[in-house]
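Each protein sequence line maps, in turn, to chains A and B. Under my numbering, the letters of the first sequence match residues 17 to 326, in that order. Under my numbering, the letters of the second sequence match residues 847 to 1212, in that order.
Because the hints were derived from the structure by calculation, they are not lab data. Glycine residues also receive a C-beta, built at the ideal position from the N, C-alpha and C atoms. Check before you lean on any hint, since a few could be wrong.
[Unchecked claim] Examples of chain B residues lying across from chain A (beta carbon under 7 Å, computed):
id	residue
1	Pro-925
2	Ala-926
3	Ser-936
4	Tyr-940
5	Ala-956
6	Leu-958
7	Ala-1206
8	Asn-1210
9	Leu-1212
[Claimed, not checked] With a straight-line cut-off of 30 Å between C-alpha atoms, the simulated DSS-like cross-links for lysine-lysine are:
id	chain 1	residue 1	chain 2	residue 2
10	B	Lys-1037	A	Lys-219
11	B	Lys-981	A	Lys-219
12	A	Lys-219	B	Lys-1171
13	B	Lys-916	B	Lys-873
14	B	Lys-983	B	Lys-1020
15	B	Lys-916	B	Lys-983
16	A	Lys-219	B	Lys-983
17	B	Lys-1030	A	Lys-219
[Claimed, not checked] Simulated restraints on C-beta separations:
id	chain 1	residue 1	chain 2	residue 2	range
18	B	Ser-944	A	Cys-107	56 to 66 Å
19	B	Ser-944	A	Phe-309	54 to 64 Å
20	B	His-927	A	Ser-116	27 to 37 Å
21	B	Ala-985	A	Trp-229	18 to 28 Å
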Amino acid sequence: MSTATLASPVAAAAAPGPGGPQGPKPQRRFSRRNLFVYGTLSVVAVYYLLPLYVMVVTSLKGMPEIRMGNIFSPPMEITFEPWVKAWATACTGLNCDGLSRGFWNSVRITVPSVVLSIAIASVNGYALANWRFKGAETFFAILIVGAFIPYQVMLYPIVIILREIGLYGSLTGLVLVHSIFGMPILTLLFRNYFASMPEELFKAARVDGAGFWGIYFRIMLPMSLPIFVVAVIIQITGIWNDFLFGVVYTRPDTYPMTVQLNNIVNSVQGVKEYNVNMAATLITGLVPLAVYFVSGKLFVRGIAAGAVKG
Amino acid sequence: MNAMMQTAASVSVRDLSLNFGAVQVLKSLDLDVGEGEFVVLLGPSGCGKSTLLNCIAGLLDISAGRVFIKGRNVTWDEPAHRGIGMVFQSYALYPQMSVEKNLSFGLRVAGLPKQEIDKRIARAAEVLQIEPLLKRKPAALSGGQRQRVAIGRALVRDVDVFLFDEPLSNLDAKLRSELRVEIKLLHRRLKNTMIYVTHDQIEAMTLADRIAVMKGGVIQQFDAPQVIYNRPVNRFVAGFLGSPGMNFLEGRLEQEGGAWRFAADALSIPLATYEFEAAPRPGPASFGIRPEHVGLNSGAGWPFSVSATVEVVEPMGSDTLVWLKLAGQNFSVRVTSERAPATGETVTIGLDPMRASLFAEAGNRL
C-alpha cells in the first residue's frame, strides 16, 4: 500500500525524505515554564504546610522541650500526653473533661443539621427545577437574597424567636438555625444540578406514571450521588467549624467543640500549655479533614458534574 | 355533544391553544387522527410540533381547548392515565436501571403483578429483538439499541396511542434509515395509532399515512404525503417539502383572450393544462415546479419549452442537479447522471403547468 503510494508521481514529489523531527516533541525538564509552575506550587505548599508541621511537632513535645524554643525541630522525645489531656482532662471553666464533651456536642449538632438541611434542600431544588409551580421564580429569588444577608443582622432576632418557642440554649434550637441557614446555598446547588439533568428523563417518568415523590426517590436520587456528597461536605465542614452560632445559641454545657477549643486555648489563668493547645486544635480539625480525604474524589466529580448521560 | 366526530378518531384535538406568557405557541389547533393511523407532524424547529405532541401527552398544561383520546376527554388527565406511550429524542432511559428495569418501571409503578410484567417484557423484547440486552445498563448500549429499548418502554404499557418525539434525530444516517423501516414494520404489526414528530421530510414522506405540516403554531396542510408533495396548499409547504427544493419563478398572471398565462420577463407560460384551485385574477404570482418535473433536452411534446445555458452542475450520485437561469432567476432541473449536460452547454427546458403549483402574492395556492 505505502510503496504503491510512493511510486505514484504525485506522492513522490511530496514524499518526505528521511531524518528531521519524528514522533512526539521532546519536553525539556527544566524549562523556564516548568521552573515557574513547580516553584510557585512548592512555595504555596510550604506556606500552608509549615504551620501544620509546627502544630503536629509541638503537640508531640513535652513542655520543657517547648520552652527550649526550637519550634521547627522535631520532638526529641515523642509523647502523646498532650493529646490525651486535650481530649479527656483539659479544663474549660469548671469542667475538666477536655474536648470530649464538645466533640459529642458537635456530633449531636452536625449530624441532624446535615441530614435535615440536605433532605429539605434537595426536595426544594427538585421541585424548583422540575415542577415549575406558580411563583417558583419569586420563591427562588427570595431564597437567594437570603444567602446574601449577613448573619450578624439576624443574630439577635433569632435569639428572640428561639426564646419565644422555648428552644433557646438547646441543641435542637441550634440544629434548626443551621438547617435554615444552609437552605439558600443548598437549594441553589440542588436546583442547578437537577436542572442540568435531561428534561426528557423527567417526562418519561411522568408518562410511566411516577408522581412527585416517585420520580424524586426512584429516578432523581439514584442519579445524584455526586451532588449529595458535595452538599454533605459543605454542610459538615460549615457546621463543624461554626463558632458564632454555637457561642450565641447554646449554653456552656452544650457548647460545640469549636467554642470549647477557644475556651481552652484562650484561658488566661495558669501556664499556657502549647502542646495541649496544638493537640486540641488538631483534634477539632480532624473531622472536616477526614471528610475531605474520604470523599475528595467524589467532591471533584460532583462539582464538575454538568451532563449526566444515560 | 359532538360524539359523532369522536368515534372515528383515535386522537382528537379541539381548538387547542398554548401560551407561554405573551407568546402564543399553538393557535386554536384542530387535529383528528384516525384509528391505527400513522400521522407525522412535520415542520421547521420552533413551529410548535413537539409542543403539540407534549400537549397531547399531557406533559404541558394547555391554555385553551380539549384533547380526546379514544373518544375520552383527557384534557385534565395525568400523562400516565391517557393511554399513551412516548418515545423521546434523547431516549430518556433511566441510567441507573437495567434494560429490564427500564421496561418494567411504569408497570411496577402501576402495581401490576410480577407475572404480567414478565409476560409483557418478554413480548416487547421479542418484537424489538432486544432479548440479549435485558440485563445491561443503558450506558452499555449503542444508540440504536437505546432507541429500541425506549420504544420497548412504550410498547410494554399496552397503550392505544404511541407518541414519537423526533426519535431518530440523535442517530447517524445509516441507523436512522434502518430504524425508520423498523418503525414502519412495527406499525404494520401492532396497528396502533402513532403520532410522530420530525423535522426530517424523508421520515415524514416514508412513514406517514398523513402528514400535518406546521408553521408558527398553525397546521398548514394535513393530508396524504403525495398530495402534500404534489399539491401544496401554500408556498411555505411547497418550499419546505422536497430536496432539492421546488423552483419558484416570480412573475405575473395575465389573461389573453380568455386564456391564462404566467409571464416573467420574456417568458410567457400558457396555463391551459393547469387546474386552478381558486379563481385566478391578474396580478403578481409565483410559479413553482419541482426540479424532477422539468424536462431537459427531452424532445417535443411539452406544452412549453425554452432554451437556457447551464451554469452549475451538481452530481448527487444517482441524480444530477443542473442549475440555470430562467427569466433571470435561479432554476434547477434534476436529471439522471447519464444525461447530465456540461457547464456552459445550451439546453432545452420543457415544462408542463399540470405539474406546477401557482401561488398568489399572499402565498396561497391558486
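Verification of the supplied hints:
no.: 1; hint: Pro-925; in the structure: holds (5 Å)
no.: 2; hint: Ala-926; in the structure: holds (3 Å)
no.: 3; hint: Ser-936; in the structure: holds (5 Å)
no.: 4; hint: Tyr-940; in the structure: holds (6 Å)
no.: 5; hint: Ala-956; in the structure: holds (6 Å)
no.: 6; hint: Leu-958; in the structure: violated (11 Å)
no.: 7; hint: Ala-1206; in the structure: violated (41 Å)
no.: 8; hint: Asn-1210; in the structure: violated (37 Å)
no.: 9; hint: Leu-1212; in the structure: violated (43 Å)
no.: 10; hint: Lys-1037/B x Lys-219/A; in the structure: holds (25 Å)
no.: 11; hint: Lys-981/B x Lys-219/A; in the structure: holds (24 Å)
no.: 12; hint: Lys-219/A x Lys-1171/B; in the structure: violated (51 Å)
no.: 13; hint: Lys-916/B x Lys-873/B; in the structure: holds (23 Å)
no.: 14; hint: Lys-983/B x Lys-1020/B; in the structure: holds (24 Å)
no.: 15; hint: Lys-916/B x Lys-983/B; in the structure: violated (35 Å)
no.: 16; hint: Lys-219/A x Lys-983/B; in the structure: holds (20 Å)
no.: 17; hint: Lys-1030/B x Lys-219/A; in the structure: holds (25 Å)
no.: 18; hint: Ser-944/B x Cys-107/A: 56 to 66 Å; in the structure: holds (60 Å)
no.: 19; hint: Ser-944/B x Phe-309/A: 54 to 64 Å; in the structure: violated (33 Å)
no.: 20; hint: His-927/B x Ser-116/A: 27 to 37 Å; in the structure: violated (58 Å)
no.: 21; hint: Ala-985/B x Trp-229/A: 18 to 28 Å; in the structure: holds (26 Å)
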